[in-house]
Structures are given as structure tokens and as C-alpha cells.
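Using the sequences provided together with the hints, build the complete structure.
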Amino acid sequence: MNLGQSNSNINIVFLLIFLVVVVIAGFAVGAAVTPIVFPPAAAAEAENVDSLFQTFLSIGTAIFLLVEGLLVYSIIRYRHRPGDDGDAQPIHGNAMLEIVWTIIPALLVIFLSLISYDVWTRNQEVKAQENIVNGQEIEVRAVAQRFAWTFEYEAPETVTNFRGEDVPILIKDNTLHTYVGQNVHLTIQSLDVNHAFWVPAMRLKQDALPGYVADLRFRPTLASYEGEFDPDPEKLNEQSYPVVCAELCGGGHGEMVARIVVHPSEEAMLSAFWDNSVENFIRIAQTNPVEAGREIIQNYPCFSCHTLDDLGWAGVIGPALTGIGDRAGERIEGVSAEEYLVRSIYFPDEFIVNGFQNQMPPFRSSMSADDLEGIVAYLCAQTSSGESACDLEHLTEIVNEYR
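So in this note's numbering, spot 93 of the sequence shown is number 98, and the numbers just go up one at a time.
Since the hints were derived computationally from the structure, they do not count as laboratory data. A couple of the hints might just be wrong.
With a Cα cut of at most 16 angstroms, we get these calculated EDC-like pairs of lysine to aspartate or glutamate [said to hold, decoys possible]:
#	residue 1	residue 2
1	210	171
2	210	55
3	132	220
Written out as C-alpha cells, the structure reads:
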């Protein structure tokens, strides 16, 4: 009987059993750990990413167990034994072993690259019927600037404003609203520095770079709340998914958080957000600039940096806006209050208030002239007397230069 051949066969059998156990353990760990480390998948793209992560984790776990298992076996099998003072038998390489441990990792890397590319292309592919709200396709944009996100919804219809001009319906909000099953196409841009749009619940992450418009597509599959939507701002966090900036962008980076509300149906979105927003836009467009400006300014991220008692803002990064109407006309000699405020918003680097840094992004390309006029008219009314410190006709003339 050939005992050497028999022992070799036994070793091969044990090695195969060990490999099978390692593979099973790897996939078991991947399946068990993925739901623990990730929140519940709220989008179809999240399910693709979770599947990819589980594959990576399973293969990585199997390799870890294989390597550590062989290491422990070698330590025990070839440990130093009492009385054995001889030298080990020298071995000059093993060409076949080196080929195997080079080809297998190379094949694994190629396999992981291919499935990663497949997930990336499926998550980015153009989908049918994108951004459908109330039977029509709208444009949805995410605008990043220190230190807030603004979401813009532009509908194809127009309304007549208080000047008799036809303007497109453009809704701005600090929360992104969508509904289960809607194919969302979001364009993302930054007005100042690098930001990153990251939604952990949907496994979405897209860099927002100055001067570049990026596209992000996703389809929500899990509503962010149950029952009826409560518009109370204090309850928003309980009914939405967080959007955070994943790129260090300055002193207020940690506060650059927005929310995504996923309504259970299109009807729920229409009643909870869209219909009211359109009505508000029409009402504001048809009212006087001062009253409109108070509502318009709340659609921009000014609250993240400025203090304004009238709206309860308490930002400290930028100059206080409380009482700005009394001070604006005195800031720069020969510059009226309305001109000072207009240029401070569109070109903020022109007038830097002492004690503050030049961190405010220019709004020339992201704020309409109508919004600018309303906001400035409102800020002009922030005086101790409550009377406007600006000539509103002159303000209109200044703003008309940018229409």
C-alpha cells in the first residue's frame, strides 16, 4: 500500500472541503452583514449597489478566511518541535504556484470590474418618463452652495406676474419631493466650491463641481413616511431621507444637510407639495415685491449664514441682515441702498463687510431678476421704522439691467 499517495489524497480532500466551507462562509457573511451596515434600500439603484457590495464582501471574506486558515494551519503544522534542531529543507520557488496565485487574483479583479461597470451603467441609464408630475415632464435641479442645497422645479407653463409679464413656473425649495416609482433625473451643479450630493438611503453619490453640470438618475421604491404627510418643519426629519455633503467645503460643511421626501404616490405628492407650491408661486408672482420677497428669500440658502430676526434666522458665517435697510445706504459712499444690496447679492466679492470672509457665492447665474428684485425690496424694508429705505422704482431700473 502506498501510504504517501494515500496521505496526499486525504490532504486534497480536506483542502477541497475547506475551500467549500470558506466559500459558503464568505457568502453567508455577505448576506448577513449587508443589511446590518446599510439602511433599508429606498431606491432601485440602492438594491443594485447592495448586491454589488454583498458580492465584494463575500469574496473578500472568503479570501480572508482562506489566507488566515492556511496561515494558522502552517503555523501549527510546521511549528518548531522539541528536540528538532535540524534545518528545514530549502525550496527554490514553485512556478506553477506563482502562476496560479497571479492568474486567480487577476481574474477576480476583472470579474469585479465588469460587474461594477454593469451596476454603474444600469444606475446611470436614461429611463422612460422621467420627472413626470401631474402628467407633464418637468426639470429638476439641485444647486449646491456653501452651505445648503436648493432644489428647483421648472414646469413648462407660464404665469403672468404683477408687471404683466409671462414668466415660467419655477419652484425652489430646500427639500426634494418625489414619489415611489417616479424616474427622477436630477441635474447637479455647484455655485462655489466642490460639494458632493450623497443620499445614504438610496446609495447615491454625485460630486457637484463648479462650472460642470452632472446628471443623477434614480427611482424611489420606499416611501419615507407612512400615513399622511405632516408639513410641520419640526417633523420633516422623521418623514424624509437625509442628503448630506460628502466633500469638505468650508466651516459650515457639517450643517449642509437637506432632505428627500418620497411620497407613497403621485397623488400624495401633488396634494402635499406640488399643488400648494404652484399656487404660492402664482400668488407671489402677482403680488408686490416687498411681500413677495419675504417668501422668495426663504427659498434660497441665505439662512445658513445670516441672522434675520424677522424670519428667525441665526447664522453667524455672514453679516447680519437684521436692520440691513438702515445700513445699506451708508456702506459705500455714492452707492444707494438698493444698488448696494443688488450688487452684494449678484457680485458679493465687491463689498466685503469688515470682520467677514469672502465666502458668499455670486447669484448672478442662479437667481432670476424677479427673485432679486423681490429679495432686495424685502431687505430694504428691514429697518427700525419698518419703512423701506429704498427707491423701489430705482430698484426696478437697476434690476432691469440684468433681465
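The hints, checked one at a time:
1. For the suggested pair residue 210 and residue 171, the alpha carbons sit about 37 angstroms apart, so the restraint of at most 16 angstroms is broken.
2. For the proposed pair residue 210 and residue 55, the alpha carbon gap of about 14 angstroms is at most 16 angstroms, so the pair holds.
3. A distance of roughly 12 angstroms separates the Cα atoms of residue 132 and residue 220; the hinted pair therefore holds under the 16 angstroms criterion.
In summary, the structure is inconsistent with hint 1 from the numbered list given earlier, while agreeing with all the others.
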